[in-house]
Amino acid sequence: MIQYIIRKLLYGLVVLFLVVVVIASIIYLAPVDPARLTFGQRSDTASLESKRQELGLDKPLYIQLGKYLKDLSPLAVIEDSPRSKEKYSYLKLIPIGDSYFVLKTPYLRESFQTGKSVGAILKASVPRTAILAFSAILLAIVIGIPLGVAAALRQNSMFDNTAVVTSVLGFSIPSYVSAMLLAVFFGYYLSAYTGLQVSGSVYGLDDLGDERYFWANLILPAIALGIRPVAIITQLTRSAMLDVLAQDYIRTAKAKGLKYRTIVFKHALRNAMNPVITAVSGWFAALLAGAFFVENVFQFNGLGQVTVNALLTYDIPVVLGSVLFTASVFILVNILVDLVYVVIDPRIRVE
Amino acid sequence: MSENKLLEIQNLQTYFFGKEGTVKAADDVSFYLNRGETLGIVGESGSGKSVTALSIMRLVQEPPGKIVGGKISYFPKDGTEIDLLALPEDEMRPYRGNNISMIFQEPMTSLNPVYTCGNQVIEAIILHQKVNKAEAAKLAKEMFGKVQLPDPERIYRSYPHQLSGGQKQRVMIAMAMACKPDILIADEPTTALDVTVQKAILELMEKMKAETDASIIFITHDLGVIAEIADRVLVMYKGKIVEQGTVKELFTNPQHPYTKGLLACRPPLKFRLRRLPVIQDFMNETGGELSLEKKATVKDAFMKLRIPEEETISRLKQLKSKTPLLRVEGLKTWFPSKKNFFGKTIEYTKAVDDVSFEVYPGETLGLVGESGCGKTTLGRSILRLNPVKEGRVFYDGIDVLNLPKEEMRGLRKRMQIIFQDPYSSLNPRMTIGNAILEPMEVHGLLSSSKARKDRVVELLETVSLQAAHYNRYPHEFSGGQRQRICIARALALKPEFIICDESVSALDVSIQAQVLNLLVDLREKLGLTYIFISHDLSVVKYMSDRMLVMNKGKIVESGPADTIYDHPKTAYTRQLINAIPKAGF
Numbered sequence: 255m256i257q258y259i260i261r262k263l264l265y266g267l268v269v270l271f272l273v274v275v276v277i278a279s280i281i282y283l284a285p286v287d288p289a290r291l292t293f294g295q296r297s298d299t300a301s302l303e304s305k306r307q308e309l310g311l312d313k314p315l316y317i318q319l320g321k322y323l324k325d326l327s328p329l330a331v332i333e334d335s336p337r338s339k340e341k342y343s344y345l346k347l348i349p350i351g352d353s354y355f356v357l358k359t360p361y362l363r364e365s366f367q368t369g370k371s372v373g374a375i376l377k378a379s380v381p382r383t384a385i386l387a388f389s390a391i392l393l394a395i396v397i398g399i400p401l402g403v404a405a406a407l408r409q410n411s412m413f414d415n416t417a418v419v420t421s422v423l424g425f426s427i428p429s430y431v432s433a434m435l436l437a438v439f440f441g442y443y444l445s446a447y448t449g450l451q452v453s454g455s456v457y458g459l460d461d462l463g464d465e466r467y468f469w470a471n472l473i474l475p476a477i478a479l480g481i482r483p484v485a486i487i488t489q490l491t492r493s494a495m496l497d498v499l500a501q502d503y504i505r506t507a508k509a510k511g512l513k514y515r516t517i518v519f520k521h522a523l524r525n526a527m528n529p530v531i532t533a534v535s536g537w538f539a540a541l542l543a544g545a546f547f548v549e550n551v552f553q554f555n556g557l558g559q560v561t562v563n564a565l566l567t568y569d570i571p572v573v574l575g576s577v578l579f580t581a582s583v584f585i586l587v588n589i590l591v592d593l594v595y596v597v598i599d600p601r602i603r604v605e
Numbered sequence: 076m077s078e079n080k081l082l083e084i085q086n087l088q089t090y091f092f093g094k095e096g097t098v099k100a101a102d103d104v105s106f107y108l109n110r111g112e113t114l115g116i117v118g119e120s121g122s123g124k125s126v127t128a129l130s131i132m133r134l135v136q137e138p139p140g141k142i143v144g145g146k147i148s149y150f151p152k153d154g155t156e157i158d159l160l161a162l163p164e165d166e167m168r169p170y171r172g173n174n175i176s177m178i179f180q181e182p183m184t185s186l187n188p189v190y191t192c193g194n195q196v197i198e199a200i201i202l203h204q205k206v207n208k209a210e211a212a213k214l215a216k217e218m219f220g221k222v223q224l225p226d227p228e229r230i231y232r233s234y235p236h237q238l239s240g241g242q243k244q245r246v247m248i249a250m251a252m253a254c255k256p257d258i259l260i261a262d263e264p265t266t267a268l269d270v271t272v273q274k275a276i277l278e279l280m281e282k283m284k285a286e287t288d289a290s291i292i293f294i295t296h297d298l299g300v301i302a303e304i305a306d307r308v309l310v311m312y313k314g315k316i317v318e319q320g321t322v323k324e325l326f327t328n329p330q331h332p333y334t335k336g337l338l339a340c341r342p343p344l345k346f347r348l349r350r351l352p353v354i355q356d357f358m359n360e361t362g363g364e365l366s367l368e369k370k371a372t373v374k375d376a377f378m379k380l381r382i383p384e385e386e387t388i389s390r391l392k393q394l395k396s397k398t399p400l401l402r403v404e405g406l407k408t409w410f411p412s413k414k415n416f417f418g419k420t421i422e423y424t425k426a427v428d429d430v431s432f433e434v435y436p437g438e439t440l441g442l443v444g445e446s447g448c449g450k451t452t453l454g455r456s457i458l459r460l461n462p463v464k465e466g467r468v469f470y471d472g473i474d475v476l477n478l479p480k481e482e483m484r485g486l487r488k489r490m491q492i493i494f495q496d497p498y499s500s501l502n503p504r505m506t507i508g509n510a511i512l513e514p515m516e517v518h519g520l521l522s523s524s525k526a527r528k529d530r531v532v533e534l535l536e537t538v539s540l541q542a543a544h545y546n547r548y549p550h551e552f553s554g555g556q557r558q559r560i561c562i563a564r565a566l567a568l569k570p571e572f573i574i575c576d577e578s579v580s581a582l583d584v585s586i587q588a589q590v591l592n593l594l595v596d597l598r599e600k601l602g603l604t605y606i607f608i609s610h611d612l613s614v615v616k617y618m619s620d621r622m623l624v625m626n627k628g629k630i631v632e633s634g635p636a637d638t639i640y641d642h643p644k645t646a647y648t649r650q651l652i653n654a655i656p657k658a659g660f
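Keeping their order, the protein sequence lines are chains A and B. The first sequence: position 290 = 544 (my numbering), numbered continuously. The second sequence: position 67 = 142 (my numbering), numbered continuously.
Rather than coming from a laboratory, the hints here were simulated on the basis of the structure. No experiment lies behind these values; they were computed from the predicted model shown. Heads up, some of the hints might be wrong.
Unchecked claim - Straight line, CA to CA, 16 Å or less: simulated EDC-like cross-link-like pairs of lysine to aspartate or glutamate:
hint: 1; chain 1: B; residue 1: K488; chain 2: B; residue 2: D471
hint: 2; chain 1: A; residue 1: K321; chain 2: A; residue 2: D287
hint: 3; chain 1: A; residue 1: K513; chain 2: B; residue 2: E166
hint: 4; chain 1: B; residue 1: K315; chain 2: B; residue 2: D102
hint: 5; chain 1: B; residue 1: K569; chain 2: B; residue 2: D620
hint: 6; chain 1: B; residue 1: K80; chain 2: B; residue 2: D158
hint: 7; chain 1: B; residue 1: K397; chain 2: B; residue 2: D471
hint: 8; chain 1: A; residue 1: K513; chain 2: B; residue 2: D102
hint: 9; chain 1: B; residue 1: K488; chain 2: B; residue 2: E571
hint: 10; chain 1: A; residue 1: K508; chain 2: B; residue 2: D165
hint: 11; chain 1: B; residue 1: K152; chain 2: B; residue 2: E83
hint: 12; chain 1: B; residue 1: K600; chain 2: B; residue 2: E533
hint: 13; chain 1: A; residue 1: K513; chain 2: B; residue 2: D165
hint: 14; chain 1: A; residue 1: K508; chain 2: B; residue 2: E166
hint: 15; chain 1: B; residue 1: K464; chain 2: B; residue 2: D429
hint: 16; chain 1: A; residue 1: K508; chain 2: B; residue 2: E137
hint: 17; chain 1: A; residue 1: K508; chain 2: B; residue 2: E164
hint: 18; chain 1: B; residue 1: K600; chain 2: B; residue 2: E632
hint: 19; chain 1: A; residue 1: K339; chain 2: A; residue 2: E364
hint: 20; chain 1: B; residue 1: K488; chain 2: B; residue 2: E513
hint: 21; chain 1: B; residue 1: K274; chain 2: B; residue 2: D288
To be verified - Output of the computed footprint for chain B on chain A, the stretches with three or more beta carbons under 8 Å from beta carbons of chain B:
hint: 22; stretch: 483-492
hint: 23; stretch: 589-602
Claimed, not checked - Here are some of the chain B residues that sit facing chain A, going by a computed Cβ distance under 8 Å:
hint: 24; residue: L134
hint: 25; residue: T184
hint: 26; residue: N187
hint: 27; residue: Y234
Idealized CB from N, CA, C, for every residue including glycine.
All chains should be built: construct the whole structure from the sequences, respecting the hints.
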């Protein structure tokens, strides 16, 4: 089991390495000059050149890449200089000449645009996105699973047909469309009744300049993001339940004289959960990676919005940082889901 | 009303309302069950025997099924009479699993895979006996001991997939008997099991019945099994009871032609037959009405088809005079069972361990052994469907295991396999005509698609199906018909050699007889050579000239089929022979 997790984590590292190489190469090859973008229209060749040198953009790809990986790696040989202290917090392990072999925090560099460290940018935006993703997926679980179960138990009834049709409609609507509709109706026209705003983030500064949470700002984006997962989880739960209810062991449970409720919730539901967990985890990871459109509509200032802005301004360190974060989330969620499978279904033995 | 009656069913009518009309699954069925009695219900698939049982429990799937009429009276010990069909669902439920309990055909799928066996057994105990969890656990472990499961503590904590089929059926019996029911309904409880395991389960049911004073309704398609366990028998055919009586009456003096057919179609052990009698030898069915040929008796049928012993001996001699078609030398198929961190195998399961034998042209070589003895792996290894660790296989002088891929394709035309499960070995989305056509297209047989289609029709007729079946899908066919389709598909490439891997094990005995006859006919007509694999020694003995007995990956005995049956040399073979259900009349 532990062996399995270690192996998965090692695979994960390989994946992260490939992500860095691929993304960095694409950016390097693209015919855009980040140095020019930092200065805007008015710039002279000399200052552009010095900016390029400062950013290390004049070096060939493999040197840039090597330096980036060195900054990223938790183990590296570095000089014990003030510049290093500025970049990482580190623990000296073995002295090598003037330098040290150290255990250090990964350094994601600084934004070309704002000069803020990418680590700090992620630290500020990720919690917002995490709260949003978590709310959306919670909505999907709390509504989708009971709805799916109820529809399966009343197969071919009016209720079931309505649930099926509505869920098809639900996942056919792109989330930015539902986001805009929600924002306009509940945040603008009905704002007097709902008390909600068209846009705003869940965490920010209030009128007096204090940082605090604005929970009301979570409602509309969470619903907009949640609609599609709700629809898909309803459908999946329904079909998995129908499948399980036709199994022999459900007949055995009936022959034991068990109550209908026990049969449905103890014997059927747990067996129906496998495909649902796959969907929930996939969606959760995807939402954590940032819901670009929905965050943009609501000006949510989460990871998605940060990434989109970074792409627009060619802010390479921020793009790389958020892509790496996203990849790590996918890897970790996948390992976590494998563990959940083992808990829920004893037939799955990790080898 | 007699004192002794426990259950009386009067005029039970259970219908299924489908798109293609109403099926009268139980059509005016009346019978009774006495206290302490074992009542057998016999019939083939679709005869209504399972539906009758489910009707007693009121577990018929609704829709499409519905109990439309009749009365089911249950007489508990306190002398009252309860009309089960009149009870509201809430009042019916406490009887299920408590007064009347049921075990099913498929032990593999009848237990919930995500809960421990212990958990599933105490559930019923807590529900019906109003005891706490600790007491229920104690009772459950006691029950596991009673059903002779090894190490009840471990079984209690085990999940169903960690147990064998026989052990799972024991858990099911423990579950069903835990609340000391008056009536135990067993619906084909041993059909999915090996004959050796079947014997153990039947003995266990006898023992449990004696201990708990329960009555049993035992449902099966196999009269041989009934003879071992039942006191009285009902024979069902197309939703109706066509004959009933004590086991002895039924076996010595069967009245209804259908009963005669069922008695005759099991492969006999004491002598050899040219072909097996089938139900149709005793009964004609024309336009739904039965026209009976009452004259034929089971004995007549056997005498007519019997092969004299001298003929068997001379046939063996003649077969052995030719050069072997297939030669297997020191074959080993080992599967990795444990791997280290770097994925290197450190332990093997020896499925086939150093096996050598020959098959002569025109011969049927039987391969018999329990589940897990390696017989299926051996068959697949010969055809290179499994990676082989060591050893050689020569087919007609060709070194099969070292043949280049392209040449192997050519050889595959000559060697075919028919699998056990006719349900899962046909693609449900492909018409059966195309299923048979496909191998011919893959191998580029015959020049035009018209010629190939004609050949499919010819093949369908060879296996007693019709040209009109070409465009139908597998779900429209019964199990026996599907197995015929699989045979036709195997024949499509005009093979000389076919491996039949448990090809009749999933079929009713009456259907089994038809398929076995078809295989024998094809062997004679097309000059085929078979390896016939089964766990049932009676079937293997009937089919084969020579027989190999396999245990734990090795061949423990080999020789002419009759010799092995008459003079078994190893305890293992004797155990296989003893497990065959037989009527001692």
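Now the hints, each set against the structure:
| no. | hint | result |
| --- | --- | --- |
| 1 | B:K488 with B:D471 | holds (13 Å) |
| 2 | A:K321 with A:D287 | violated (20 Å) |
| 3 | A:K513 with B:E166 | holds (11 Å) |
| 4 | B:K315 with B:D102 | holds (6 Å) |
| 5 | B:K569 with B:D620 | violated (23 Å) |
| 6 | B:K80 with B:D158 | holds (14 Å) |
| 7 | B:K397 with B:D471 | holds (12 Å) |
| 8 | A:K513 with B:D102 | violated (30 Å) |
| 9 | B:K488 with B:E571 | holds (9 Å) |
| 10 | A:K508 with B:D165 | holds (12 Å) |
| 11 | B:K152 with B:E83 | holds (15 Å) |
| 12 | B:K600 with B:E533 | holds (14 Å) |
| 13 | A:K513 with B:D165 | holds (9 Å) |
| 14 | A:K508 with B:E166 | holds (14 Å) |
| 15 | B:K464 with B:D429 | holds (10 Å) |
| 16 | A:K508 with B:E137 | holds (14 Å) |
| 17 | A:K508 with B:E164 | holds (12 Å) |
| 18 | B:K600 with B:E632 | violated (30 Å) |
| 19 | A:K339 with A:E364 | holds (15 Å) |
| 20 | B:K488 with B:E513 | holds (13 Å) |
| 21 | B:K274 with B:D288 | violated (21 Å) |
| 22 | 483-492 | violated (count 0) |
| 23 | 589-602 | holds (count 4) |
| 24 | L134 | holds (6 Å) |
| 25 | T184 | holds (4 Å) |
| 26 | N187 | holds (4 Å) |
| 27 | Y234 | holds (4 Å) |
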